[in-house]
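Make the full structure from the sequences, and use the hints.
Numbering that gives the first Met the number 0 numbers the first residue of the sequence shown as 0 and each following residue consecutively.
Everything labelled a hint here was simulated from the structure, so no lab data went into it. These figures come from a predicted structure and were not determined experimentally. A couple of the hints might just be wrong.
[To be verified] Taking lysine to any residue pairs in the SDA-like style, the calculated list, with each CA pair at most 20 Å apart, reads: (1) Lys62 <-> Thr142; (2) Lys12 <-> Gln110; (3) Lys43 <-> Gln110; (4) Lys89 <-> Thr159; (5) Lys45 <-> Thr55; (6) Lys140 <-> Ala72; (7) Lys9 <-> Pro31; (8) Lys89 <-> Lys43.
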Amino acid sequence: MLSNIDIKKKVDKGELVVQPWDPDTLKPASIPVHLSDRVAIAKKGKIDPLKEEDYTNYFTQKKLSKGESIDIAPGQFILARTLESFGVPKNLTMFIDGKTTLARLGISINQSAMLIHPGSGVPNPRAVILEIDNTSPFTVKLTQGMQIGEVFLHELKTPTDVGYDEEWPYGTREDLNSLFPTLETK
0 MLSNIDIKKK
10 VDKGELVVQP
20 WDPDTLKPAS
30 IPVHLSDRVA
40 IAKKGKIDPL
50 KEEDYTNYFT
60 QKKLSKGESI
70 DIAPGQFILA
80 RTLESFGVPK
90 NLTMFIDGKT
100 TLARLGISIN
110 QSAMLIHPGS
120 GVPNPRAVIL
130 EIDNTSPFTV
140 KLTQGMQIGE
150 VFLHELKTPT
160 DVGYDEEWPY
170 GTREDLNSLF
180 PTLETK
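In structure tokens:
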């Protein structure tokens, strides 16, 4: 796992891309991430993921103004993204996790998709999609720009021979930072 010193060295050398980059916000072994201005609020309904690939109609999308808040009710699920965009090289992998203070309020920011593969956001850095769920019995206010979680970086023993965006067509897509990218499989 990379320390704050290792992370700073990787960014300074251009090996890891973090936009916007503020080394003063680094924690001992992580980069804090913040809630961006785009959220998608899940509607009630029934989805068969084996028959449908486009989930856009199952969500109401909203753009938050700077500092605007959204209330997440008990049991509510939303998609959002990080304010930060990343370009992860082939010799690193990144994990995203929630903020402890939010976790204590029942807010999780990923359901199981915490791994950001080596080569993600290369050559075009991209935000991380957040899968935010409220498992608490009370409504929690989330504010655009607030710290929502953090990312941890791990160095691979051997760099991968193919980056994620080389094999899966994220890196050259128009909707690369969309909450609902539609992947075309090879």
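Right, here's what the structure says about each hint:
The straight-line distance between the Cα atoms of Lys62 and Thr142 is roughly 12 Å, inside the 20 Å bound, and the hint therefore holds. Between the alpha carbons of Lys12 and Gln110 the distance comes to roughly 33 Å, so the proposed pair goes past 20 Å and is violated. For the given pair, Lys43 sits about 18 Å from Gln110 by alpha-carbon distance, which is consistent with the 20 Å threshold. With a C-alpha separation of about 5 Å, the suggested pair Lys89 and Thr159 falls inside the 20 Å cut-off, and the hint holds.
Simply put, Lys45 and Thr55 have alpha-carbon atoms about 13 Å apart, close enough for the 20 Å limit, and the pair holds. Restraint check for Lys140 and Ala72: the C-alpha separation of about 9 Å stays at or below 20 Å, so the hint holds. The straight-line distance between the Cα atoms of Lys9 and Pro31 is roughly 16 Å, inside the 20 Å bound, and the hint therefore holds. The straight-line distance between the Cα atoms of Lys89 and Lys43 is roughly 39 Å, outside the 20 Å bound, and the hint therefore fails.
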